[in-house]
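Chemist: Under UniProt numbering, the first residue of the sequence shown is numbered 1, with each subsequent residue one higher.
To be clear, the hints were calculated from the coordinates, so they are not data collected in a lab. Treat the hints with care, since some could be wrong.
[To be verified] Okay, derived cross-link-like pairs now, DSSO-like style, lysine-lysine, Cα gap no bigger than 30 Å in a straight line:
# : residue 1 : residue 2
1 : K7        : K84
2 : K7        : K36
3 : K121      : K84
4 : K84       : K37
5 : K84       : K117
6 : K125      : K7
7 : K121      : K7
[Claimed, not checked] Here are the computed distance ranges between Cβ atoms for each label pair:
#  : residue 1 : residue 2 : range
8  : A13       : P160      : 34 to 40 Å
9  : R108      : Q9        : 42 to 48 Å
10 : K7        : T159      : 37 to 43 Å
11 : S157      : L10       : 36 to 42 Å
12 : A100      : D126      : 22 to 28 Å
13 : K37       : A13       : 17 to 23 Å
14 : K7        : E155      : 24 to 30 Å
Glycine included, every Cβ here is placed at the ideal spot set by N, Cα and C.
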Amino acid sequence: MNLFALKEQLREAGILISFTGSFSHSIIEELGTAVKKYLESADIHTSAIMDVFSVYIEAAQNVRNYAERRGQSDADASIVVIAKRDSHYRIYAGNVVEAADTESLGRRLDALAAMDKSALKAAYKDQLRRERGPDDTGAGLGLIEIARRATRPLEYSFTPLAQGRAYFSLCVEI
1 MNLFALKEQL
11 REAGILISFT
21 GSFSHSIIEE
31 LGTAVKKYLE
41 SADIHTSAIM
51 DVFSVYIEAA
61 QNVRNYAERR
71 GQSDADASIV
81 VIAKRDSHYR
91 IYAGNVVEAA
101 DTESLGRRLD
111 ALAAMDKSAL
121 KAAYKDQLRR
131 ERGPDDTGAG
141 LGLIEIARRA
151 TRPLEYSFTP
161 LAQGRAYFSL
171 CVEI
């Protein structure tokens, strides 16, 4: 493998940080610290730092929680990337999902994409008030919080895989 060529490809694509593999709490935390320090050293507005950091954390936790909840052994197929394109940051997240989950996830993302900032705020508050079930891993706020911080509607895709699975890709622009 030519690491110099790989480094150049990453630089040309604007990739600042990329991690692929199994996401643990400690890896999410360590990469989060690295992301925050990098952004702070780049002389970026504090609100942009917090938006990128928060979206990274939410996306990485969503990837980890889904794999954990489904007992997936292919968690190493997960990836989170932070890139800078022009004056915007993009956070990409990808992981294997059950094909049966793609329709409901797609509907949820489409609904979030159709909301303006005030509707997203209302959805966030509504979700906070909802009662959680015993199997819920969180308050269900992750995607809403990501959409609230995004500067444009969330982009996503599903790539069909074998054995009733699909690869979910999400792009968030800050």
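Chemist: So, against the hints stated earlier in the document, which numbers end up violated here?
Modeler: Going through the list in order, the structure violates hints 6, 7, 8, 9, 10, 11 and respects the others.
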